[in-house]
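Please build the complete structure, drawing on both the sequences and the hints.
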Amino acid sequence: MHGTHDAGSPYAPHTDDERTAMLEAIGAETVEDLFDVPAGVAFDGEYGIDSRSERETRRLVRSILGRNDGLTELLGRGHYGYYVPSLVDHLADRSEFLTSYTQYQPEISQGFLQALFEYQSLLVELTGLEVANCSMYDAATALGEAATLADRIRDASGTRVLVPDRLASGKRRTLENYVAGTDLVVETYPTDDGIVDLEGFERRVEGGGAGGDETDAVMVYAENPTVRGTIEENLSAIGSIADDADALFVLGSDPVALALLERPADVGADVVVGDASVLGLPTSFGMGLGLFATSETYLRQVPGRLVGASEDATDRRTFTLTLQTREQHIRRERATSNICTNQAWVALRTAIHVGALGPRGLVELASRSVTRAEELAERVDDLTGVTAPVHDRRHFREFVAHVDQPARAIASDLQKRGFAVHVVDDHEIQLCVAGVPDERLDSFVATLEEVVG
Amino acid sequence: MTDDRSGESDGPGGRQVRYDQARYVENGRYEPLLSEKDLTRVEIDGGREDGDESEETVNSPLPDDLTRDSLELPALSEPELARHYTRLSQMVYGIDSGPYPLGSCTMKYNPPFTEDVAALASAAVHPDRSERSIQGTLELLYRLQDYLARIGGMDAVTLQPPAGAAGEFVGVRIAAAYHDHRDDDRDEVIVPESAHGTNFATAALGGYDVVELPSDDGGRVDLEALEAALSERTAALMLTNPNTLGLFERDIVEIAQRVHDVGGLLYYDGANLNALLGRVRPGDMGFDVMHYNVHKTFATPHGGGGPGAGPVGVSEQLAPFLPSPRVRKVGGSSDTGSDSSGGGGDSGDDIGGGTRGREPTYELFEPERTIGKVHGYHGNWLVLVKAFAYVARLGDEGLADASAKAVLNANYLASQIEYDVPYEPFHHEFVASAGEQDAADVAKRMLDYGVHPPTTKWPEIVPEALMTEPTEIESKATLDRLAGAFNAVAREDDADLEAAPGRTTARRIDQTSAARTPRLSWQALERE
Ligand SMILES: Cc1ncc(COP(=O)(O)O)c(C=O)c1O
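Chains as they are written, first to last, in the numbering used here: chain A, 4 to 456; chain B, 996 to 1523.
Each statement offered as a hint is correct.
Examples of chain B residues toward chain A, derived with CB under 7 Å:
1. T1062
2. L1135
3. G1192
4. G1201
5. P1296
6. I1468
To be clear, the hints were calculated from the coordinates, so they are not data collected in a lab.
Backbone N, C-alpha and C define an ideal beta-carbon position, used for all residues, glycine too.
So this is what it looks like as structure tokens:
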């Protein structure tokens, strides 16, 4: 290397001699001459952002994030903090995985394609549906994509998308945006003691809601477990009501729940959506991995990327992105979705995590999600001033507890003592056991006793 | 291709490069699937919490009617799993493997220290935590909003969109909400023919009719065609600048004027911002709304397809429509409740991490006329942490230099290759034409020279397009090697190209067969 390194980006390797040689080859005097920018729009100010060494930058970020309180989180409602094995970090952080992009050149990307093919296969096993894509952004956008799928395949008349009256607001509000460009409208159906109110549901599907005669329902959405942690008991009935009405049955779940609870294919689900990063990512402020699986019937209407098997010139089995004519880069405004960059690396992490657990480990993790949640409910129910669970149902991972005192005050007292819980109503808190070690749960119960006592 | 010497490039630098990617072949087949290494079925035995568990069953606390019957997955030991994924990683080419000049994707080096800060335990917080208990997370988001506002010349920023296309969707939904608010019914979005597929798809997702805008002979927006396309039906024009040919839209001020004259909004697709850092700000060009593509411009890893992040900046009049929630600063120093740019410089003086004075506090708020949400929570948080770290590391000086070197590298590389580059003057990327050769075949052959090929066959305005973006991170020597690969392939005949690649893990893959008989899971393979 000749000359001295140019000041500026620490990741641009040029020396001044090289820069000069390159300019000479181009036939330009200065780098500025290469910019064809009219004077009127040139920016001659400064952003006012300091440059820092790597060490200073790390200190800066550490110092900012250091303002977060270190709390034990009993939080869930769609985002969970299960322990992620170290193996997942180390393998996924291999730079070939991290620094590659979409596999437009499959011959040089077989490793990632195979990992994504395996991820799709894991979801096929978990859902019982034949087709899983290799990712949407998160559970909420996957739900939105399911609605646009329903829009594309529906029989002409219907416009209603039915969701439970209790649905995480992030999902509901995202769904509203995804259907805004269609004539679909999002409406609710009632729940009863934490699960679907079958009679009310049927009435809404048939169009006999408060508004009188309405158009057909084109899609119904139910969750298992629900946002309040209850396990849905009537999935098959929901599925057949949806089927009778020719509505697309979309079921929300996640890979841990799917390992134990009823298999979506067995209850008539047409599409499964949810957050697959429940495995693979630690608590990440809501960052997720949109799970999207559906039946073969809708193969040509699936949004997002699909990896398929093929053969190479030596006739050996290989993998490649396939059915790309559904996608935006080919089909443009007639694509099945606008998604391009997705969550592939998170899907890789999820697949490694599932692999690390194996079938037994995964089912046991799911079983513990039931027993630990229900045991915690019993223990807090023993405290004066707390009734749990609020719903007389089986629970997965989390449950709602009634507190005699204002829930907000209790949560705030708990926070001062190192615990974070959900406030879901004036006198309701929600508690989740995922990722919380047993000894922390013990000390939580003791702390809650102090707080409500 | 069995000849060991084919694929050795003799570039202008006179370097001999030969590449062989890892390839495991066992009994005539490549690395087995996890499912071919093991599949174990466990039965789920309902309604028992304890009692005997056999090798094949797991006891479940739930009654059978609430559970599935069984689950069949690979059961591998940890060392076996480590080898499986390590082998797979060896069959992937990333930026750390060599040059990756994939046009429009800005495949720049991803500094690993950003992984370290994203992995900090203090970053691992739940989105439903009280605002008071996550001041660090909110401060980082606020500061990143502020950085991006300054860089884009925008007044307000949301970090919620999880990718560029999601940012576009926010833009389109904001345009809809804005016109709606003014009782102005508009149903068209104009997109240049050379635009990225997501622009068309996003406009359609938002319910708009897409009006395609032809380019002029120079490869830029045709002002006459624009005039014809614009009307009181125009909700927005989506543009990237430099455009996908790398050309700066010189008439941008005029374009903005005309769009605004008919009451439309001007949207900036931030995919090409890496050309403009420190030199031009979309806000100054007259754009009302833009997305930033942080996995491109701000060096967060592409992760084999994602995750990315696509924050959106808007001018003041559109700020009330931004997605919910946003972060604002309350109390503390200068600018209360506003995150507009220029709020007293970068407070980079707090890196000591020790005693901090009167600290401002940060809170979430719902913009007055918000479009709602495009993600269940706050978007791709871990990506945002990395983007913040990258911008804080480079600062003004590093960012401006990144663009300078990106443009220098593209121009130098183009000057060294034999393929024709029909449109000039380009900036951070150029589109060469493979001429009589098939661009897709050229790409396959380039793989044998140990480089990643350019984006092919797009934009279609250049026949057999080779859209090339080397980014600022390549040295002259690497660019010479890259040019050597282009030139070696340019001189080869069609038969050689069609037989390529020969040195990658897999040989040429049959796309038609994959699509004709979709096999999308190991279960589907077993059924064959
Ligand atoms: C010009 C252009 N616009 C938009 C996008 C979409 O961005 P993303 O893939 O982050 O959704 C891309 C990139 O892939 C692009 O190159």
